[in-house]
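S.K.: Read off the chains here:
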Amino acid sequence: MAENSPMTEAMYYILLALLKPAHGYGMMQRITELSRGRLHMGPGTLYGVLTRMKKDGWIVLNSEEDRRKTYSITPAGKDALLAEYERLKHLVDDGKVLEEEENENE
Amino acid sequence: MKMNRTYRFHPADYAIGETEKFYEDMAAKGWQLVKRGLYLSRFEKAEPEKRRYRVELSTTSAFDGTELPEEQIALYEECGWQFVTGASVINVFTAAEGSDAPEIYQDSTQQADTMKQLRRIYRGGWVIALIMVVLDVLAVLGIAGLLDWKLAMDIRKAWIIGTGLVLLVMLLYNQSAFRLLYAEYRIARLYRQMKKGQPLDHSPNKKHWPHRIASSLMWAAIGVAGVISLYQLVSSEHYLLPTEKEGPYLVLADFGVEGERKGMFRSVEECNRVEVSQSLICKVWDVRECVEDVMLYQDIYEFKDRETAYRYLETIVTDSTFADSLDDYQLVELEGLDLAYAGRVDYIAVKENYIYFFTLADKKIISPLEVLASKS
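Chains as they are written, first to last, in my numbering: chain A, 13 to 118; chain B, 7 to 382.
These are computed hints drawn from the structure, not numbers from a lab.
Keep in mind the model is a prediction, meaning the values are calculated, not measured.
For glycine and all other residues, C-beta sits at the position ideal for the given N, C-alpha and C.
Each hint should be verified, as a subset may be incorrect.
Stated by the list, open to error - A few chain B residues that don't get close to chain A, going by computed Cβ distances all over 10 Å: (1) 23; (2) 71; (3) 77; (4) 85; (5) 108; (6) 127; (7) 136; (8) 188; (9) 269.
Unchecked claim - Below, in silico cross-link-like pairs of lysine-lysine (BS3-like), each with a Cα-Cα straight-line distance of 25 Å or less: (10) 66(A) x 201(B); (11) 156(B) x 66(A); (12) 90(A) x 101(A).
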């Protein structure tokens, strides 16, 4: 995963969810909340992304009881998330011209 | 007795959507998946129920163990996907229809990445398929007599005495080659589609008729060849060489060799026996006889006509102890035989629709060719 390539939506929301340590199912519930019910992330998607991000050092295993593993975001993960947030904000800001145009048309 | 379990052949590993639909259809008919093997799945009787089934692929090799990580299974189960069974890279999860278990993947490109190990298993299948096809072509050329390589000749020889079995092996090769190529094609196509963002079809309706027909025809042919092989196997027999001969072969008494039956390097029974077998092309008597210190081997082939006998003569010569072809033999003119050749220890004769092949090391006694000619 190149550091500066755009994140997928799944990655972005998982990192957001992991600002507080969480286990898999908790993450999915939080993602649904964060997206205000828009996103229902599947376990396959979640598991795949977690595996990748663990390898990249963006998240870390916090604790493990029974089969349930709790993860949290690492500083590197947080940097990446912030960078992505900035990038998205720029995208939205740049898109403002669209609203201006719409207003003119009215 | 009412059966409460059943077995079915399931779709191949590469047919992921078909596999899911297959298990769903079975559940709807009241058969719930219990265990998946390599080719068969086991089901137990249950109330007919609409269930969703999903296949999750293992990404590790059989060497490392194809079981899914516990963490992954735990995660899926927390989301309402119950793990049922797995075999090779296929793992099956299920959830009741209408449950709130979310679809396992939202992103088909990500799911495509899980095909890594499945693709690896079938990768290079075409190489094996190619080898099989080459062997088949070699066999066909050998059987047609267009090749005189040792291997081709051996295949031709096997074809003469065991037509059904050779046919069966060739057809199985063909079928395997076809299956491998088709699997590789299907996997490549599915991978390409998912990589492009086209989600996996969980209940595909495509019937793949050309493939089905081709496949059924191949299996039918294999069945026929199997029946022929079985018939050949059942109809072949072997027994102790009787004192009164009951076949077209000679006995050492015809040579004037009288005495006690002996065993040379092997038991008396093994050195004095007749094996009769029948193929689609000929009937063969394989006879061994050992009296005192004289050992006589005979293979007598009965063809449907003289032309066929002539056609296969060159192939039968390859059985010679010290010769590769008829060039190494001396032509012998003998009344009563259509063709006769003498080698160092082997003798070959054609008489009507029969080919006689003798091996006799003892030079002190009369040539089998002369004995045979005198009997005509």
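S.K.: For every hint, state whether the structure bears it out.
M.R.: Quick rundown of the hints versus the structure:
The beta carbon of residue 23(B) is kept farther than 10 Å from every beta carbon of chain A, the shortest such distance being approximately 15 Å. Distance to chain A confirms residue 71(B) as a non-interface residue, since its nearest Cβ pair spans about 16 Å, more than 10 Å. The Cβ of residue 77(B) does not lie farther than 10 Å from every Cβ of chain A; its closest approach is about 6 Å, which violates its non-interface assignment. The Cβ of residue 85(B) sits about 4 Å from the closest Cβ of chain A, inside the 10 Å cut-off, so the non-interface label is violated.
Distance to chain A contradicts residue 108(B) as a non-interface residue, since its nearest Cβ pair spans about 4 Å, not more than 10 Å. Every C-beta of chain A lies more than 10 Å from that of residue 127(B), the closest at about 20 Å, which supports listing it as non-interface. Interface exclusion of residue 136(B) from chain A stands, the closest Cβ pair being 35 Å apart, more than 10 Å. Interface exclusion of residue 188(B) from chain A stands, the closest Cβ pair being 27 Å apart, more than 10 Å.
Listed as outside the interface, residue 269(B) is consistent with that label: its C-beta sits roughly 69 Å from the nearest C-beta of chain A, beyond the 10 Å cut-off. At most 25 Å may separate the alpha-carbon atoms for a hinted pair to count; residue 66(A) and residue 201(B) meet this at roughly 23 Å. In summary, the hint linking residue 156(B) to residue 66(A) is not supported, as the alpha carbons are separated by about 59 Å, beyond the 25 Å threshold. With a CA separation close to 16 Å, the supplied pair residue 90(A) and residue 101(A) stays within the 25 Å bound.
Taken one by one, the earlier hints fail for this structure at numbers 3, 4, 5, 11, listed in ascending order.
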